[in-house]
Structure formats: C-alpha cells, structure tokens
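Protein chains: 4
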Amino acid sequence: MSLAPAKLRWAARDRKPEGSIVDVAGVPVGSREVVMMAGPCTVEDEDQLLRTAMAVKVAGARMLRGGAFKPRTSPHSFRGLKEEGLRLLSQVAREVGIPVVTEAMDARQLDAVCQHADMVQIGSRNMQNFTLLEEVGRLRVPVLLKRGLCSTLEEMLFAAEYIAEGGNQQIVLCERGIRTFETSTRNTLDLNAVPLLKLMSHFPVIVDPSHGTGRRELVVPLSRAAVAAGADGLLVEVHVDPERAKCDGEQSLTIPGFGELMEQLRPVARAVDRAL
Amino acid sequence: MSLAPAKLRWAARDRKPEGSIVDVAGVPVGSREVVMMAGPCTVEDEDQLLRTAMAVKVAGARMLRGGAFKPRTSPHSFRGLKEEGLRLLSQVAREVGIPVVTEAMDARQLDAVCQHADMVQIGSRNMQNFTLLEEVGRLRVPVLLKRGLCSTLEEMLFAAEYIAEGGNQQIVLCERGIRTFETSTRNTLDLNAVPLLKLMSHFPVIVDPSHGTGRRELVVPLSRAAVAAGADGLLVEVHVDPERAKCDGEQSLTIPGFGELMEQLRPVARAVDRAL
Amino acid sequence: MSLAPAKLRWAARDRKPEGSIVDVAGVPVGSREVVMMAGPCTVEDEDQLLRTAMAVKVAGARMLRGGAFKPRTSPHSFRGLKEEGLRLLSQVAREVGIPVVTEAMDARQLDAVCQHADMVQIGSRNMQNFTLLEEVGRLRVPVLLKRGLCSTLEEMLFAAEYIAEGGNQQIVLCERGIRTFETSTRNTLDLNAVPLLKLMSHFPVIVDPSHGTGRRELVVPLSRAAVAAGADGLLVEVHVDPERAKCDGEQSLTIPGFGELMEQLRPVARAVDRAL
Amino acid sequence: MSLAPAKLRWAARDRKPEGSIVDVAGVPVGSREVVMMAGPCTVEDEDQLLRTAMAVKVAGARMLRGGAFKPRTSPHSFRGLKEEGLRLLSQVAREVGIPVVTEAMDARQLDAVCQHADMVQIGSRNMQNFTLLEEVGRLRVPVLLKRGLCSTLEEMLFAAEYIAEGGNQQIVLCERGIRTFETSTRNTLDLNAVPLLKLMSHFPVIVDPSHGTGRRELVVPLSRAAVAAGADGLLVEVHVDPERAKCDGEQSLTIPGFGELMEQLRPVARAVDRAL
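Protein chains in written order, with the numbering used here: chain C, 1 to 276; chain Z, 1 to 276; chain R, 1 to 276; chain P, 1 to 276.
Only chain C is shown next, with the shape it has when bound in the complex:
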C-alpha cells in the first residue's frame, strides 16, 4: 500500500521502493548515515564563517549551511550579504573541505548560487514558487526543499514533483516547523512528517530543529527525537556568538553547544541502527 497521493508520477514511494540517496559533492543523503548540516543562519563575515565552518566540521558536521540571500518579513531588516555572501561561502567551503548548501530566493539567483554552492535550498516561503521549482528542475544540482509554513505533506510532495518533472531527481525534503495556534514556540516542529514522508515518497527527509522550534534550549531534545523518528539528517543553526547574530540568534547553538548535540545524537543514531 502506498500512502502517496494518486497523481504523483515521480515523488511516490512506489517509484523507488528502496529509497533514494542524494549525493551532495560526495556526501550521501539518505544512506545509513545521519547527515549533519550546520552553520550560521546568515553569512556575516569571513572570520565568523570560517571559524564556524571549521568548528562544525571538527565536531562531525558533513555539510555547511549559511544564508547569503535572506528572506525577511520586513524590507528594513538585514537581508544578507547576497553575492558577497555566496563568494565567502564557496571560499570557506573550499578552505575547510566541506560541501555547502544555501538558499536561492529567485530563478535569477540560481546561476550564482549554483556556481558557489553544492546544494540549492528552496526556502519555506518559496515552496510553492512554481517558476522557481521549474527552473531548479531543469538543473542537475541537489535541491533541499523546505516545507512551507502551512503546507500539507501532499502539497510538499507536489512541489517536489514540479522539480522532478523537469528531470532533476536529486531532492531532499526538509521538515522545518509549521504554523499553529501555539505561541510558546516560533513554529510547531511536526515530526509526524518524517515517517509519513518516508512512507509516501522515496526522497530523503531531514529536519531543521532550529527554525522548527525557534528556541535554542529545544534544539537538542528535538534533534534526538528527529533522529529517533527516522530522519536522514539535520539542518542546525550554529553561531560563534549567538548573542550578536544578525538573525535568529535565539535559536542558534553555540559551538560547544553543537559539540554537545553531536555527543547526544550518537547513541540515539545507534539505537535506531544509523551512523552519525
């Protein structure tokens, strides 16, 4: 029995019952290993990025994350270093020897993003930006597709279907919290999504506990929970000095905090027959 919506041609589990593995510059997402992607919400400067990248790599992260183009609710907020941020990302990634994922907010940014990054992120607000999905579907680059703030899992799989329809099957799905009535967290991380997406689709599924909760003190327990639920990876915000972060400091781990997270995740990964 497949749980996927009947009209999915590419994203349904039946299409590849053994599950897909997406190769991001040598890092296999969807394999036995739980892949840790870590880094700052926003690229701020070279020093910040380099120190973070080295530290998370040493602690066990397999990929670097960092925002150059930042979607912000208000036009008056800091919106990222843009092209300069992309250059810093690729320079630091090469120096440290770690693949990098970063967001493209628009089809016209795709060229620059693909030139500098190993994986393109489609953010929550763009999960149903269908022209962006189509454009990224024409490329041959790994895509990290984040769930929309109020998107159903069915809608998310149809968003993946847009990308796959163009010929690009290198898709990783990411649960990152949904909007509910609850006010004590920024979003409600929906871990039901992990086993359900895996039953419905063959694409790997990762979890972003930083945006999913919006509070640093919840990142460790929810990361353990995500791995126990079967996630293929985690996307975690880490900052050298969260108090001074230009964006989302209250949900970023410190570098020692990230080390502690790795410590706590290893036995959980083993308990569900995964490596970390």
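It is worth saying that the hints were derived from the structure and are not from the lab. Check before you lean on any hint, since a few could be wrong.
For lysine-lysine, the following DSS-like pairs were computed, each having C-alpha atoms within a straight-line distance of at most 27 Å [to be verified]:
| hint | chain 1 | residue 1 | chain 2 | residue 2 |
| --- | --- | --- | --- | --- |
| 1 | C | Lys-82 | Z | Lys-7 |
| 2 | Z | Lys-82 | Z | Lys-246 |
| 3 | Z | Lys-16 | C | Lys-246 |
Listed next, the stretches of chain R that the computed footprint assigns to chain P, with coverage defined by at least 3 CB atoms under 8 Å from CB atoms of chain P [said to hold, decoys possible]:
| hint | segment |
| --- | --- |
| 4 | 61-73 |
| 5 | 100-107 |
| 6 | 121-131 |
| 7 | 160-174 |
Idealized CB from N, CA, C, for every residue including glycine.
Given the structure of chain C, go ahead and fit chains Z, R and P onto it with the hints provided.
Quick look at chains Z, R and P alone, frame taken from chain C:
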C-alpha cells in the same frame, strides 16, 4: 492611535490618515464606490472570456479578472494559457472597455503582464516572494496583493512595505481566506481583516469570497458581509458554464448568479453609505 | 441537497426545511427579527447590572446577557459571583422586563441556572462536555450553544444533536471566533459559519463579535457583517465602564457605543430584509 | 530562568526544580524509568480486556489503559460500557496485577472511577472543564491530564494549576496531538511540548502517539521520538484485533505490534539514559 506595527514606514495608516485611492485605468479603488472585479478563474478561450466580460460589465462590474499564469498545486494540472491568455485578456478588455487584473507569478513575467493588464496581481503563494515584490515595487503599475494562506496581517503589511519601499504606492490589499482546521470550507474567509487592515494601513482593502470560501452557495452571503464590514471592493469568480470550468468551477458564480449578487449587494452598500 | 453530515437525525436542515424558531420567554430567535442580546461579560454588582440592562433595553436589545459562573484560564482570576450573580441577574431581568441568558459550566449548576435564567448558555470550552449536553437535553429550556474554539461545524452540529437526542429542540447555535495562527485578534470570527450552518441545519444561528474579535473597535463592523451574512441575532458585551471591567473590558462596548451599534445595524438589517 | 507563566503558583518548575514523581499504585511516573501504559481504546468485553492486559504486561507495560466512559463526537456512536466497563477494568487489573488508568468525563463519575481505577484521566475535551478539574483537585488520586486539542501549553499548565490549587499534586501531563491544517494525520503530535513542559513545570510528561497521529504505522517511530525527546512515559492503544475494534482501530497496535514497539524503544531509552 495607530494599530500598525512600529516599523512600517510606508504602509501605516498614519502615513495617510485619509486613506489612499488607487486608480486603475480610471477606476478608483478606495473611494466611496465599492468596486466589483469579476471574471473567470482561468482564461480558457476567446468566446468564454468575451461572453463573461460583456456580461459582468453589463451587470455592474468595473474590472475584469482572469488568470493566464495559474499557480497549481500539481504540475500535472492545467496551468493556464500563459502569454496567449494575456493576449486574449487585453484584446477582450479593449473590446469591452473594462480594465483588467491578472496574476504574475514571477519577476520575469512582469513585462508581459504589464503590457497586457492594467493591474498586476501578486497571488497568495507569492505574498512573501520578496524578489517579486521588489520588482513590482520598481514599476508604476497598480498592484493587487493577496494575503498568504497563513500570513498574519502584520506580515501582509510588510509585504506591501516591500513594494512601497521601491516607490510604488499603488497597492490594494486583498483578503482571500486563510487556512484553519475547519474542513467544510476550502479556506476560512477572515473578515476581521477588513476593518483591521483599514485601521492599520491607508491602502484600500478588497475581499475575494470565491477563494475565501471555495463554495458557490457561500459567495453571496459572504460578499454582503464583506461590504458591510467595509470592503472597498470584491474579486469574484464568474464562469459562463461553471460545470465545465477548467479550474475552481465549484466556487464560480454563473452569469445570472453574478447579476443576483449585484442585486443583493446594492442595498447593503447603501446601508453602509457606499455606492455600487 | 443537504450539506449536513449524513448521520444527523435531529440537527439536519432536512428535518425542518423552513427553519426553527426558538422562543425565549416571548422573544422569537430565528424569525425575521435580528435579536440583540447584550450585557456585561460578568455580573459585578447590582448597580452595574441594572444600569446596563436598562440602557441596552432602551437602545433596542431584546435579551440581557451576563456571566455568573465564569470559566477562566487561571484559577487565580476572578471567576464570577456564582449563585449571587444568578440572583442579581433574575432580579434585574424582572425589574427591567427582559429575558436573560447565562452560562452553566456543569450539570450540577443547571438547576440553579434554570431557576434564574430564561436561556442556558453552553460555553465554548464545554461544547463537547457531553454529559452537560445530555443533561441540558433532558430539560425543556432554550439553549445557546457556543462553538468550541477549534471545533468544526460538523462537530458543533453533533453537539446540538446530543441535546436534541434528549428531546430538547430549543437550540440556538452561536459562532464566537475560532483559534488560528493570526495574533492581531484574540480569535478569528468565522462568518462562513453563518450561511453554512443555516444550509446544514434548521437551528437559528447568532454571532458573538465581542469574543470573536476581542477588540472593541472591530465589534461594530463585524456586527454589520454578521447581520449581512444572515445571522439571526448578536450576542454583544456592553459595560458601563469598560476600563474598570473585571473581565474582557477591551472587547466591551460602552453604553453609547451600543447605541451607535444599533444605529448602524438597522439599515443593514433592512438591506437584507430583516428587522431589528 | 523559569519559562513558566508568571502567575503559576503550583505548576511552575521553580516550585520543585528536581521534578516530581507521581506514584500510581507503586509505579513511579517521572523517575528514570519510561513508563508504558497500554490497552484498548475502549473496554469491550472481559475476554478482550484480559487477553490484552496479560499480553501488554508480559511485553513490559507497567499500566493498563482502557475507556469505560467514551467521549464521542456523535451521540449515535458507541459510548462505552460505562459502570460495567469500570468493573471489568478493576477485575482484570487485579487479576493481572497491573494498575489501571481510565477517563472520568464528569464530576459525578469521579466516585465510581476512583473506586475502580488507580489513576483518573481528564480527557482532551475536558482539559478546561474547570468544575471537573476542581473536583479532582479535592481528591487524593493520581491524575492524567491530557492536552486539549487546541490548548496552548500555558493553558495546559493553568489546567494543572486548578487541580493543584485544590491540594492534589499528583499530576501527569500528556501530549496527545493538536489540531492543525494538516490532513494526512488525525492530529499533529507536538513533541516540542515534551521538553518545553519539562522546562516550564515539575510535573512528569507523557505522550500518546496513538491519538497524536491516528495511524498505526506512525506509532512506532513517533514513540521512539517521544522517548528521545525526554518523555516520562507513553500511553499506547493496543487491541487484540484492531480490525474489529469498536473505536479507533486504525490507530491501535496489535499485540505483536506492541511487542515490537517495546523492542525498538529499549535501545532508544538507553541512549537517553533511561530504563524501560
């Protein structure tokens, strides 16, 4: 007392306490007149569009609506006639003598849309497509900004702020239903938004009862309610043969149904000192 | 075509296609007249209640509302005058000559409430308190059933069904706002509920714009909208001095404010062929 | 730093920073051991209950669950064996030697429930049935307080506060899924609640993955996730023959399924330094 978020520079009511009027090819939105915008969900062919446009104009609509580029959950659904649809829209609009509003889903469609339409619609899924908002902010074209499916009113005003920051102040806000737990309607039309947006901002506010409810039998009572709540206009789906519509037939009025709507709205508009 | 869930035996529209009229001590709810029920959130003292009751009656209210037993989130908040509040309600109601509705929170309060009030209110938090519904179903007293904060319309009709199953068909349904992600209002008043409940069921439907929005400045426009949508009545909080109210002052109208509301509602009621 | 709302006198973490342990007839909830509570949604007959109770005890459950009074959306659904169900529960619990938890829907059922059960459950629909909370606060019986379908964590702690205010501190909090827009699961299990409630309050926190997801195939992965997030126990529906269950069969584990769940949970519990 202004209810607007503190950081709004352009969209706050204080900026223009008397309220803005947006001129769309001679039709003033935000004046004493409640402006009816009507037409098919999707442009299907010339005959359908022309018959609908003539009929809604005769019944009292001041603007024609119709989709050429259609955002659809699944890539396998009909996604509009695209450029051909735009051409039909402008041809019919000229023939009938009625301004037209249609959606642009991407910055790269803006040129074509602006060439053929009098007002550009930013759809719900793109309310936080910030690059699209910035691009439309650089133009001098009236913009219909629809509320995102799970966007707060504050986020909606910041989306308007993105457009206004670029210099384009010709913005009309549109409530079109939000996503809630309720399953007996497609969306939950949030009429609180009408007086609240008008308290918070100087931009005109219209309502889309067709998407807001998703059910034809609710369009008339909710349209009356929207006008009574103070809406500056309505955006209504009308189809010559809803049973055969390629999209959203179950929420489209027939042509006689639109006439009946106009009949029922006139006394309500008068009751709140508006004309129709 | 009935829109009601298939398993409704008593609440479905088909059961009484012409609609029910509920008689509350001589006031017919569900007739051509839009019935105004007004009064303080909470009974505080005799003077407050008497002045409010006289003023709202003079302005056109047909029923008095007021809480004696108050459900409060925290046990440390003021929870009403209880039995003393009931006595004040019935004394003032007799003096002023106006029927009164008040809430019973528990089956054991029903005797006292029925002795002093003309209509029993089942509050939002108790919409699925099934033993209370069954008890009230055994009585022959008019019931005001408020929608639960996150109850679907189908669940609401099944709650009415519990009451009706016991033999009590004197039920008035009340939309009072639902819980959504939106934070600028206390609740999201769902006016879709008005025409939809009337299509699904024969019971009268009224609206509580005070709880539905939580903000005084929204009560007038949403009341107009509710009447335009087809509501059979309104339940409105009015206080002689909202700044000093023990509960919900920010959503209560002043006495002149209630007079202004009545002024504005009359033409809207006429516009939809209703009296007020 | 306490995260609890300022006005909590009894439920705040500060009140008992080391955390509370609730003793249910010898089973300590809130200790190092993750406590498994298992059994049928509804008591149907002696044979069903006895076989289930023995099987779950052998597999490692420490408590039996089972409904005698069943809150059902429709009055026409099976609503439990009531007093007869209570008698069966206590008889089987004695025979098998396992404490039992069951729901009381009304203050008037408390005597009977307390006579037959070791722990009283306050169900989701009654989380804000304040008179029931007050009554149970006067007793000296362990209470399982389930989160309301759309209750915030703050509201849940205030519900616990009602019970504690009466003098009864033997409270276990239970996350059981909230209502959101997502339609592919019955509810959205909110595992953020586990670490957050533990930061805010000293009461133990358990999780009900059966109602939380509504789908059998999600119970195992979400149970693992709940334990990894720090839950002090799980409440799981188990039926000897789910296809024939009178209620909620689609979310009930079979008896072998429960054994498999225990197998999978043990290494996860060890990974987070807990016993099972």
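### Task
Starting from the hint list further up, note which numbers the structure goes against and sort them upward.
3
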